[in-house]
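Asker: Below are the chains, spelled out letter by letter.
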Amino acid sequence: MFDFCADPDLLEGGRWLACYMSTPKHMMFYQSFGLVILLMLITAPIALGAGFLGALASRSHLAPLRWLGKGYTSIVRGVPDIAFFLFVPLALDQGLEYLRHKVKCPDWDAPIRQGSDFVVCAEAKLPLSSTPQAWHELYGVALAIVAFAFVFGAFAAFVLSGAMNAVPRAQLETAEAYGMSRAQVTRRILVPQMWIYALPGLSNLWMILIKATPLLFLLGVEDVVYWARELGGSKTSAYSYPHPDWRLWYFLALLVFYLGVTRLSEIAFGRLTRRLSRGQATAQGMKEVHKGAPA
Amino acid sequence: MNKFILSTALLALTAGGALAQDVVRMGTEGAYPPYNFIDDNGEVAGFERDLGDEICARAELTCEWVTNDWDSIIPNLVSGNYDTIIAGMSITDERDEVIDFTQDYYPPTASIYLAMDEGVDLTGGVVAAQANTIQAGYVAETGATLLEFATGEETIAAVKNGEADAVFADMDFLLPFTEDGELMAVGEEVPLGGGIGMGLRESDSELKDKFDAAITSMKEDGSLNALLDEYFGEGTGTY
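As given, the protein sequences belong to chains G and V, one line each in that order.
All the letters of the first sequence, read from the start, carry residue numbers 1 to 295 under this note's numbering.
All the letters of the second sequence, read from the start, carry residue numbers 1001 to 1239 under this note's numbering.
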């Protein structure tokens, strides 16, 4: 990056550090922070959507739909997250490859499971082995997002269905008295009012999601934890910038990063709570009225 | 490195109409210098990078490098995430039951102990080793208390912070860590394993033959010996 970095062996002090901190490998480390934030921002709406559908399903009048919703929340909530994080991407990957194999290579006669090998034809590989490594990594991230959304969706479903039950019954009865159908009551009265009850639970989930992102590392995604460990480990003379074990400092940087993100989230959720409390028959809503905020 | 990118680009161009199978994904750990490691450019480097590129050139294959944790390096090969393991993996009977190996490209290696002082008890003390390695298996048999870690890096750290009395690993991996004077080699060298080879799925015998032929040709013209001498010191290459 800097002109004076040509020969690392001759550098000392600040210049050495400047060159060291700007190696292409460190650039990948800095980019991985963006990757983690991006992953959270993509996962959260998907998980919320899955949770919303799950909550609606578990309240449904159709028994099979209700069983599906209840089954989803109770199974996922009852199994350790890490088991799902390891299971979902693997199952999804092999499942997709199996389906593609059946479609693309109908003439293939060898078995797919040969001992411990999982063998599909080359055209069915996901992604194809001829695609650049970047796509393989993106595919890994996409599978991770699905796994995260699947697990957090179940928790969100539980929070949302609790929030739906917390909306005062009188509100819904009034709507019914106006002649609204069940769907109309849900759409016009229940859903707009439930958010304030769901917010504490959802903000909790968001915090847990942030803190769960290092699990990406377990899925083989090169995230902040991967790079911190890789860069912080002691480096022998095989490397251009040898140094002793610096993992402490790298993980300290991660600590600061995660504290910063969670603090910012707390502030954002605080504002959102105040905004959603307006006009609600809750203690917070009453406070907003006394402050003279527009109802 | 640039040369490599150029040659891969050239290969990709000349092999324009080639089939998808012609891209071979090379799986390595990337945390075992000088065999394989991620250099400061974020690229896989080391002995196995140079060797693998040469083998691919001779076998007329387009190769792409990917890294994977040591712990799950065999399961991910078997499930098809990459096509070969080239990660300083010793050929052993147990591994041979699950995957196939090419012939060795590094003769059976010596392993050594590294400790903070001379007088440590290697058969009664606590010895650190990387999990799922032949060295870990050996330590378990000596009667010492085995302390396993996912990476070689962590085994070194365990000795430095006093968690373990000594670390046991491949000599070429450990010796560079003695440079700062804190750690020293103790005890005798222990010859272990049946040499290092490339791991492949058992169903992939065609690829295995190609690699075997390329390694044979490198052994015959002395280029493998030259590469071994370059990375591990004069006299390592004895093919």
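Read the hints as simulated data drawn from the structure, not as lab findings.
Be aware that a few hints might be false.
[Claimed, not checked] Below, in silico cross-link-like pairs of lysine-lysine (DSSO-like), each with a Cα-Cα straight-line distance of 30 Å or less:
1) K25(G) - K1160(V)
2) K104(G) - K1160(V)
3) K104(G) - K1208(V)
4) K125(G) - K1208(V)
5) K1210(V) - K125(G)
6) K1208(V) - K102(G)
7) K102(G) - K1210(V)
[Stated by the list, open to error] Listed next, the stretches of chain G that the computed footprint assigns to chain V, with coverage defined by at least 3 CB atoms under 8 Å from CB atoms of chain V:
8) 13-25
9) 75-82
10) 152-166
11) 235-249
[Unchecked claim] Using C-beta positions, here's what the derived DEER-type ranges look like:
12) E1043(V) - K102(G): 34 to 42 Å
13) F87(G) - G1222(V): 44 to 52 Å
14) M207(G) - T1238(V): 53 to 61 Å
15) T1145(V) - F251(G): 26 to 34 Å
16) Y30(G) - T1145(V): 38 to 46 Å
17) T1145(V) - P127(G): 53 to 61 Å
18) M207(G) - D1229(V): 33 to 41 Å
19) E1188(V) - D245(G): 23 to 31 Å
20) D1093(V) - E266(G): 37 to 45 Å
21) V79(G) - D1093(V): 31 to 39 Å
The beta-carbon is built from N, C-alpha and C at its ideal position, and this holds for glycine as well.
Asker: Could one say that the CB atoms of M207(G) and D1229(V) fall in the range 33 to 41 Å?
Answerer: 55 Å, violated
Asker: Holds or violated: 34 to 42 Å for the Cβ distance of E1043(V) and K102(G)?
Answerer: 38 Å, holds
Asker: For the pair we were handed, K104(G) and K1160(V), check the Cα-Cα distance against 30 Å.
Answerer: 54 Å, violated
Asker: Count residues of the region 13-25 of chain G with a Cβ under 8 Å from any Cβ of chain V, then say if the count reaches three.
Answerer: Coverage by chain V holds for the region 13-25 of chain G (3 residues, Cβ < 8 Å).
Asker: With a Cβ-Cβ cutoff of 8 Å, does the region 235-249 of chain G contain at least three residues near chain V?
Answerer: Result for this restraint: holds, n = 9.
Asker: Does the alpha-carbon distance linking K104(G) and K1208(V) stay inside the 30 Å limit?
Answerer: 26 Å, holds
Asker: Indicate whether the distance between the beta carbons of T1145(V) and P127(G) respects the range 53 to 61 Å.
Answerer: 44 Å, violated
Asker: Given a hint of 53 to 61 Å, does the C-beta separation of M207(G) and T1238(V) actually sit inside it?
Answerer: Roughly 59 Å apart at Cβ, these two residues keep to the hinted range, so it holds.
Asker: Given that the region 75-82 of chain G was listed as covered by chain V, double-check it with a C-beta distance under 8 Å for 3 or more residues.
Answerer: violated (count 0)
Asker: Given a hinted range of 37 to 45 Å, is it respected by the beta-carbon distance of D1093(V) and E266(G)?
Answerer: Taking Cβ atoms as reference, D1093(V) and E266(G) lie about 56 Å apart, which means the hint is violated.
Asker: CA of K1208(V) to CA of K102(G), is that 30 Å or under?
Answerer: Distance ~27 Å between K1208(V) and K102(G) Cα, so the pair holds.
Asker: Range first: 44 to 52 Å. Now tell me if the beta carbons of F87(G) and G1222(V) are that far apart.
Answerer: Distance hint for F87(G), G1222(V) holds at roughly 49 Å.
Against the hints set out earlier in the document, violations occur for numbers 2, 9, 10, 17, 18 and 20.
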